[in-house]
Each structure stands twice: as structure tokens, then as C-alpha cells.
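Chains A and B, in that order, are what the protein sequence lines are. Residues in the first sequence are numbered consecutively from 1, following my numbering. Residues in the second sequence are numbered consecutively from 1001, following my numbering.
Nothing false has been slipped in among the hints.
Lysine-lysine pairs mimicking DSSO-like chemistry, simulated, CA-CA at most 30 Å apart:
| id | chain 1 | residue 1 | chain 2 | residue 2 |
| --- | --- | --- | --- | --- |
| 1 | B | K1068 | A | K40 |
| 2 | A | K13 | B | K1068 |
| 3 | A | K170 | A | K13 |
FYI, nobody ran anything at the bench for these hints, they're computed from the structure. Everything numeric in this text was worked out from a predicted model, so none of it was measured.
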Amino acid sequence: MIAIVDYNAGNIKSVCNALDRLGAEYVLTDQASCIESAAKVILPGVGNAAEAMRELRERGLVETIRGLRRPVLGICVGMQLMCRHSEEGDTPCMDIFDCDVRRFVPAPDAKVPHMGWNAISNLEKKLFTGIPRGSFVYFVHSYRPDLCQDTIATCRHGADMFSAALKYEKFYGTQFHPEKSGGVGEKILQNFLAL
Amino acid sequence: MVAKRIIPCLDVKDGSVVKGINFEGLREVGDAVEMGARYSAEGADELVYLDISASREGRSTFTELVEKIAARIDIPFTVGGGIASLDDAARLLDRGADKISVNSAAIARPTLIDEIAARYGSQFVVCAIDAKCIEGRWRVTTHGGTRLTDRELFSWAKEARDRGAGEILFTSMDHDGTRAGYACEQYATLSDLLDIPVIASGGAGSIADIVQVLGPGRADAALAASIFHYGQISIPELKQALRQENIFVRL
Chain A
1 MIAIVDYNAG
11 NIKSVCNALD
21 RLGAEYVLTD
31 QASCIESAAK
41 VILPGVGNAA
51 EAMRELRERG
61 LVETIRGLRR
71 PVLGICVGMQ
81 LMCRHSEEGD
91 TPCMDIFDCD
101 VRRFVPAPDA
111 KVPHMGWNAI
121 SNLEKKLFTG
131 IPRGSFVYFV
141 HSYRPDLCQD
151 TIATCRHGAD
161 MFSAALKYEK
171 FYGTQFHPEK
181 SGGVGEKILQ
191 NFLAL
Chain B
1001 MVAKRIIPCL
1011 DVKDGSVVKG
1021 INFEGLREVG
1031 DAVEMGARYS
1041 AEGADELVYL
1051 DISASREGRS
1061 TFTELVEKIA
1071 ARIDIPFTVG
1081 GGIASLDDAA
1091 RLLDRGADKI
1101 SVNSAAIARP
1111 TLIDEIAARY
1121 GSQFVVCAID
1131 AKCIEGRWRV
1141 TTHGGTRLTD
1151 RELFSWAKEA
1161 RDRGAGEILF
1171 TSMDHDGTRA
1181 GYACEQYATL
1191 SDLLDIPVIA
1201 SGGAGSIADI
1211 VQVLGPGRAD
1221 AALAASIFHY
1231 GQISIPELKQ
1241 ALRQENIFVR
1251 L
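Work the whole structure out from these sequences, hints included.
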């Protein structure tokens, strides 16, 4: 069973729909016991990182998530919360991935939010097994994680190269939305489910 | 670099996709979910579904349809048509829409944009603008181009952006349905004026038209309906052609 952490941090419907299409069984929960006993955990998130972090703390889930020993996938803001710190609302995060999250600097060739399909490179297994370099995935965000030793995929927006995906031990995170990234996204989700 | 997007637009009336010229002479062209799935499989980057039902029943059919679309389609989709309140937007978000577009209601009450953007973020709000050129001035229209307002395209687009719209979808009513090309100059002007994506709509008749609007027209996305619905242009063929013209698209 997969636990999708339901913590009032934006639309989780599309993640549920993607798992339905893959025929995976899941529960929506904010209960620590349920999250701890799940085979895999997905931490979605859309919106403001400070608000999302507050929702997670209010439910007492920060230590629960940090203590997980089974595969965890953070998506978008869910992944940002797994970094050290977010510039959005000057928010201390869960400190799982070894990097900070900063706002994009707008430029004529880099509109903010970074919204749409962009190519990912420097892909590492196993999350990206079967995904060719330069594959396109769907992004919608104004803040992005720095490059660091945990980076397992990169993306470029204007002159800015950032982490499109991160991994530390059993913790994975994607800045893009695999649930909205067509066949490529579906394969990435399948790879996560197969871990 | 973000890829330029190709967006098939599906006008939905009472649950079916229809297409007419300037909102007249509607013809049913297919099932909304199946058509969306087909476009997605062919490489469409995003879909727009516009509810053009006039009745309350039609509106509720559309809401149910959004749920079916979200269950089936694995690329982003925008829904629009008759969204006049934060509640309308919330209802569609709950059913799985990635973005909503506002049009006439935002002209009548511009703070609608502020309200939706403040609650759900700018990435969720597309401001659709229908305008036509009258004596050299681009005037905004509402209700499918039937009512002329005093607003001017460029100042309204700027205001919508300042209020929190994340994208501008401008349809030239002078070009819509003509298949004679997009209003390229106006898209280039909008692109210079705004730091948010601009979606071009109205006038697509050929691959060359789309090359023009994404190239010299500097639009971030090209939306079209009938050329896709009637199979005049296939999306894979279109994308290959765009790549050959050095326009960065997702393949």
C-alpha cells in the first residue's frame, strides 16, 4: 500500500488519478502510523512552501517523514520541504536533501513562474531507468532547489541550472510533476513504484 | 529552456466537442475525453476545454466531464467558460483541472483575478481576452465576441497580469475562424509588454501560420481547434516542422 500524505497542501487529485491509471493501491492520510506502515510514501504539494511546512508541522509529521526507511517521493513543493531551507517565506525545511531552495531570477529568456515542458539531463538510475537524456517533463514553480551532491537530474531555465530531481538514501524528490508529464512521467512513477 | 506549446482547444456544449465559425453554425465533432486522449497521445502539450453551454444543465454536465478528463489525461489541461466566482474555480480545481481561464466575468469584475490568484496561485489563472481591431484600436469584447467593451487589449492584458493572471490567452476575433494566420504583430507586442506566457489563438490554417506566431510572433504557445479536429494538421508532423524551423518544442 502507498500512502499519499494528505496535509492540505494543494491539489492531490492529479497524483491519485496517476496512481489509478497505473492500477496502484493507495490511501490518503495524515496519520503517522499509516505513513510509517506504508510500503511507499508520496508527499505531494502545490502552493506556498511556508504554508505547506506549517501544515506538516501542525500534524506532527516532520519527524515521521524524516524517520521513514522505505521509499519516499516528494513532488514539487513536497520535494522542496525535504530540502534544508526555502527562500519562500524564509522557511526552515526537513533537511533531508543537502541543498537550499531559492527563487528564480526573472530574465527575458526565463519567465517566472517556470511553467511548461522542459528537458531533463544528467539522469541517474533507478528513478530514471529507461528515460532518455533530454526527455521532457512538466514544471510549474517559481522556486527551485540548488544543485548538490544529491542531484539525480538537472534542468536549465534561462541561465539557471537547478536540480530537477534529488535522492538521498530512500528519499526521492522531483521538482517537476510526473503525474502531469505524459508517458515519461508515467514511467518515472512506475520506476518509483518498482523500487 | 521551456518548450513552446501546442494546445488543441475543445469547445464543449452539453458534454460534446463542437466547432463553429465565430460561435455560429456549431457542429458536433466528437467525444471530449476521447479527443483529449488522442491529442495527448499524439504529442499535444496541453489541452484547453471551453464550456460553451448556455444552460445550467450544460454547466453541471461540464463539471462532471472535467472529472472524467482528469482521470484519463496525463498532461495539463485548462478549463474555461462561465467562471464568475472563486467558488466556480474551486469546483473545477476539485474535479482535477490544472488551470482555469476567466474571460467575460473578469471584465465585469476584475478583482475575480486577484481572488483566484491569491487563493490558488497565478499558475492556476489564465486570463482569456477576445479582442477585435476597430479603427486601429484593439477593443476587448465579451460573450464570445458579441459585446464590445471600452477596454483596450494591451492595457487590459497588463492589468490582468498585475492582478495575478499567470498567462494571457488572446484571441483575435478578426482572425478567428478565417484560417488565414494569427494576429502575429499583436502577439509580439504582448510578449514585449508582459513577463508571463502569451498563448496565441485564432486564425491557424497551416503549419506556416504556427511557425509565424511562435517565431516572429514570439507567442509562448499556439492554440487551435478546427485544424486539429478536422485532421488538417497532425501534431507529430507539426512538431517536426517546428523543430526544422529551430523552434524548440517537445518531441
